[in-house]
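Asker: Residue numbers (our numbering), protein chains in the order written: chain S, 8 to 458; chain P, 941 to 1198.
Because the hints were derived from the structure by calculation, they are not lab data.
Ideal Cβ positions, reconstructed from N, Cα and C, are used throughout, including at glycine.
Check the hints yourself; a few may be wrong.
[Claimed, not checked] Sample of chain P residues facing chain S (criterion: CB under 8 Å; computed from the structure):
1) R993
2) A1012
3) E1016
4) F1027
5) V1036
6) A1045
7) A1049
8) Q1101
9) L1104
Given next are the chains, with one letter for each unit.
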Amino acid sequence: MSAVVRERPADRAGREALERALAAWPAAAAQLPGARGTFVAKLREEALARFCASGFPTARDEDWKYTDLAALAARSFLRVPDDVQAATTEPLPHHALFDDLGGHRLAFVDGRHAPELSSIGPMPDGVRIESLAAALARDPAALETWLADTRGHSAMAALNTAFLADGALVIIPAGVEVAEPIHLVFLAATAATIQPRNLIIAGERSKCTVVEHYAGSAPAFTNALTQLFLAGGAETEYCKLQDEGERALHVGGLHVAQARGSRFGMHSVSVGAALARHDLTAVFDGEGCTAAIDGLYLAGGRQHVDHHTRIDHAQPRGTSREHFRGILDGRSRGVFNGRVVVHPGAQQSDAWLTSRNLLLSADAEADTKPQLEIYADDVKCAHGATVGQLDENELFYLRARGFDAAAARSLLTWAFARSALEGIRLTPLRAHLERACLGRLPQALPLAELM
Amino acid sequence: MQPILEIRGLEASVDDKPILRGIDLTVNPGEIHAIMGPNGSGKSTLAQVLAGRETFTVTAGHVRYLGADLLARAPEERARDGVFLAFQYPVEIAGVSNVYLLKAALNAARRHRGEPELDAMDFLALVRSKLKSMEMPDDLLYRSVNEGFSGGEKKRNEILQMALLEPRLAILDEADSGLDIDALQVVARGINALRAPERAMIVVTHYQRLLDYVVPDYVHVLSQGRIVRSGGKELAFELEARGYGWIDDAVPAAAGAR
Chain S
8 MSAVVRERPA DRAGREALER ALAAWPAAAA QLPGARGTFV AKLREEALAR FCASGFPTAR
68 DEDWKYTDLA ALAARSFLRV PDDVQAATTE PLPHHALFDD LGGHRLAFVD GRHAPELSSI
128 GPMPDGVRIE SLAAALARDP AALETWLADT RGHSAMAALN TAFLADGALV IIPAGVEVAE
188 PIHLVFLAAT AATIQPRNLI IAGERSKCTV VEHYAGSAPA FTNALTQLFL AGGAETEYCK
248 LQDEGERALH VGGLHVAQAR GSRFGMHSVS VGAALARHDL TAVFDGEGCT AAIDGLYLAG
308 GRQHVDHHTR IDHAQPRGTS REHFRGILDG RSRGVFNGRV VVHPGAQQSD AWLTSRNLLL
368 SADAEADTKP QLEIYADDVK CAHGATVGQL DENELFYLRA RGFDAAAARS LLTWAFARSA
428 LEGIRLTPLR AHLERACLGR LPQALPLAEL M
Chain P
941 MQPILEIRGL EASVDDKPIL RGIDLTVNPG EIHAIMGPNG SGKSTLAQVL AGRETFTVTA
1001 GHVRYLGADL LARAPEERAR DGVFLAFQYP VEIAGVSNVY LLKAALNAAR RHRGEPELDA
1061 MDFLALVRSK LKSMEMPDDL LYRSVNEGFS GGEKKRNEIL QMALLEPRLA ILDEADSGLD
1121 IDALQVVARG INALRAPERA MIVVTHYQRL LDYVVPDYVH VLSQGRIVRS GGKELAFELE
1181 ARGYGWIDDA VPAAAGAR
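Okay, chain P solo, but in the shape it has when bound (with noise of 0.2 Å):
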């Protein structure tokens, strides 16, 4: 079976310092990988530096995406040919309606397929049918995007392109930050309802908490830019029991995951 995602040796760094110090990571289709960590230890980076962002330098290593190199690629081409970023902090963009956003991702990521655009029509029908998911009002389709969203609509909308998408591969970074318990099971919800055989995801997160919801079948520990630990769903209720602070000590794993 074909890896989703290889990472061999990735380093990173953002004006000279580095941030990512040498990242190991398998991930196979089906799998959900929970990447956890303290603050700063370079959760984030590494999945901006997956979906291409261009303020971080990735100065050694490599990944391939379905067995080519990814890091040769512009983010519009990762997120057309299926990794898809669901943002941390979702940009708020005066001016372009959502329903325009998801319809231009949506056909961009077909016509790369080689499949037929949608027309009006299918693509409302759609569009509505995953709104109703994620427990989204129509109105938020016709308003800027994220455009005066609050904290949760933000991160619904997030998985609600995720879940246009279809993507092979979902980064989600700290999906659940700032939700309260009713929005946490909405998008948790529709994190779930995109578990395929065939696609794989990779969760960023500080807190074990959404992980009571998405459960993971790897969880991985990052400190100062490395995996230090790597184990199964029991080390995220180690981690919250224990807290990050053993964690600096603790030798770094030989070779990340599996």
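This is chain S alone, in the form it adopts within the complex (with noise of 0.2 Å):
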């Protein structure tokens, strides 16, 4: 018996799609920073051999089971940033600079760097926040190291190593605490693939806040990947803001590598693009480390957004908080796959991981699933999941107490939102999130007797 396997629609348009980017590659590569010959070329050259093997994801994929980018590749976004320069230019979002923020800024549009809309402040001896372009073009050998580490991987983000140009890198030596936050903004203004590389070093017990944001209206495809690395004893702020326009694409991945002691605490928030993927991975690859991560997504209409992360307690006396809270409206589609893996020997492991989801109308849908994968016998281990509507008892009792039905709706609903945001210490920074936020919820509070 045989059978012809006749090609759908979607993954044709994915085939093609990577095969104009194949063929773009070579003169994209040539160009591209980290000349010929060095690591760089070659990590280029074994990503994209990686991604030809396994294509764009689809939903055949259990990973990507909820969001199928065969879809994505259809409208044919793998374009090199050189061929978008007659496309048109969307102002760029100023507000987004967080200007009262303080602190240092490097900012990149579409991609690449862009000094103008950059400030760096004066920092402590050895400390570096400036282009991975700039930083590879002078000496690409001092990041192999770094750049080389491709534990937690997707097909996405060998695609993005393989067009591997520029993006922030932040390096904060030993022992050295930079007290104001690091923005790092990433701004659209084409309809461009943009592919930022980001890696940000903490050596051992330093101290830093940063801040990796995402903003502008233009429909562009981003496919970010951020690599942390944190040496023993360090303590990283990490905030993550995905704020992209309504037409948007976003594919980010951002990958945790902790050593002895380290802490990383993290606010996650995906409020823009039509459709958002994070991928999201820790690794405690020494004893005694922390990972705090609260995420926040908001989804209306027929945004799509996709949360898939894992905490890898490799090595005992772990510690990992992990809360999402999702609030879905109109059409919109959440998915959120947490996994705890709790390697053997990794005794005395305390994780936590909780998924709660709320649906503000009918047609929302929310795909929830924490995993807890324990090999280890002495640890102490939770997970929780809920979908679920507004509290009739909380909004009869606003009610009772003046409110509309409305205004007590888009009250509870901002509480709830809120919640996620309650730890970041930085006021400016909690103030910009949750405008950021409130901006898209179904009906905005009165800010100023909220914030």
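Using the hints, put the two standalone chains together into the complex.
Answerer: Here is the structure:
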């Protein structure tokens, strides 16, 4: 018996997009920073081979069950940046520069470092906050150890690496504290394919606060990849805000490697883009690490937002706290897949993973799957997931105090969202995130009284 | 004198199960009416129907508040117009600070009355004075509404809201349940401080204990959705002495209250 396997239109479009990308690759790669013959060139080639072997993820891949990138590829976003110079340029969202945040800002427009929008203040000795392209042009070998670590990387991360060119490089030397926040902002001005590559290296016992921020109204395809390396005892407060335009597509990988006793705190907020997919991994490479991750996603209309996270307790005495909240309105869809893996021998691991979803409309959908995989016996682990609507008792209580029904609903929705942001110590940053969220909620409330 | 509340033939059900089976009650300004009765007699349902809870369906009768139809109005309209329900189980609302709720509630009522909203300074001065009288610490203002409050703090918080909103009609649903004697006295003092010639209160309670401190003008006994006995404060003592057992055998009172 024989069967003719027909290629689905989405798959064909994906294959064609891929073929176009591959055809463009040699020309593109030749122009990328990091001269021929360096490890970077080799890294790109290997990544390209990996990506070619897998292609764009499709719904047939378990990790992409709900998020079909073949359809995305069909929109043929894969063009090298030079092809889009003629495309319409959207005005830059200057409010996204967060001027009141203070500290240091490294800005990128369509994936390229924009010195005119950047502002780096005085820094302690040895601290580097700069364009990755500049660093690669100067001394590519210095970054090999970090860039070559592909643990946790998906096919999309391989695609990013194949076109590795520019992004943010942050290096905090051992024992140094950078008190001011470091704001990395990526603005999309054209319908480009933007593949920022960010590298953050936190030395032993160093301290810093980093904000990774995507904004701009252009219908761009962003495929970002960020690697963080926390040396022993390092403390990093990290924040990712995805606030892109309603026609944008965002794929973002964030991979954290933690050495002994390091502490990683994160707030992840995803409110923009037609489709957003976040892959977040943290690996405890040393004993006694802590990762505390609060996530929040808001979606309405036909937005689709997908978070896949994985925390590896590879060593003993690690603590992880991961709490995600989603608010879904309209016909939107939220996907959360969180895994915590406690490896053999990772005794006294303490893990807590929750996913809570609030559905504001009958047509919105949440697919949530927190998973614990435990291969050690002396551990404390818990997980939970909820999908529900606003609480009728709370609504009635507010109405009995004079709130009209719509205001009560919007207040409770806001309260649900805000809980995910409470832990942000930096007040102006928290205010920016709150504003980004309030702007996306069904009905705006009087800000002054709430904030 | 126009009554504050006139209830006539009020029947209400939940999921087609009748709970209130014909309530008649008139409440005049300055009066405190206690509603007593065994569990399941419909006391809390009456309180919630008056506040506008949509879980219950009113199947017959009408309610006039200050001469106008009450039941046609949304819960928030009733609240802004001076009807206040102190909840038996005050709801915890994570992420909404107590001070925000208090200020928004007060300003909603003030807007409704055509009065200017209070600014932050005036509001804080006012709420701090009320807090003090309820023996509540300032930090309760900045915590989420009722979240992590003790049972006593929740009940006090209800009375605090009432003191701030100065309703025309206060309905207190089991304001004393779960309180120790000290907290009970604070709550009772808070209620008594609001007794006023223009204000009326309906105090729903299972036990007579609260009525030792908040002395009612009238006591009504609810059983199976009807007022079966009405009398003065001495009726509460009779109930305390004899329990509710004898009530079910009693003939329903002709027309409830006067």
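Asker: Confirm or reject each hint.
Answerer: Against the structure, the hints:
For R993(P), the suggested interface contact is upheld, since its CB lies about 6 Å from the closest CB of chain S, less than 8 Å. About 15 Å separates the beta-carbon of A1012(P) from the nearest beta-carbon of chain S, more than 8 Å, and the hint is not met. Nearest Cβ of chain S to the Cβ of E1016(P): about 5 Å, under the 8 Å cut. The hint holds. Annotation: F1027(P) was flagged as interfacial toward chain S, and the flag holds, the nearest CB pair being 7 Å apart, inside 8 Å.
Because the beta carbon of V1036(P) sits about 5 Å from the nearest beta carbon in chain S, less than 8 Å, this interface hint is met. Hint status for A1045(P): holds, given a least beta-carbon distance of 4 Å to chain S, under 8 Å. Satisfaction of the interface hint for A1049(P) is found here, the shortest Cβ-Cβ separation to chain S being roughly 6 Å, below the 8 Å cut-off. Annotation: interface hint on Q1101(P) holds; nearest CB of chain S at approximately 7 Å, less than 8 Å.
With its C-beta approaching chain S no nearer than about 10 Å, L1104(P) sits outside the 8 Å limit, and its interface hint is violated.
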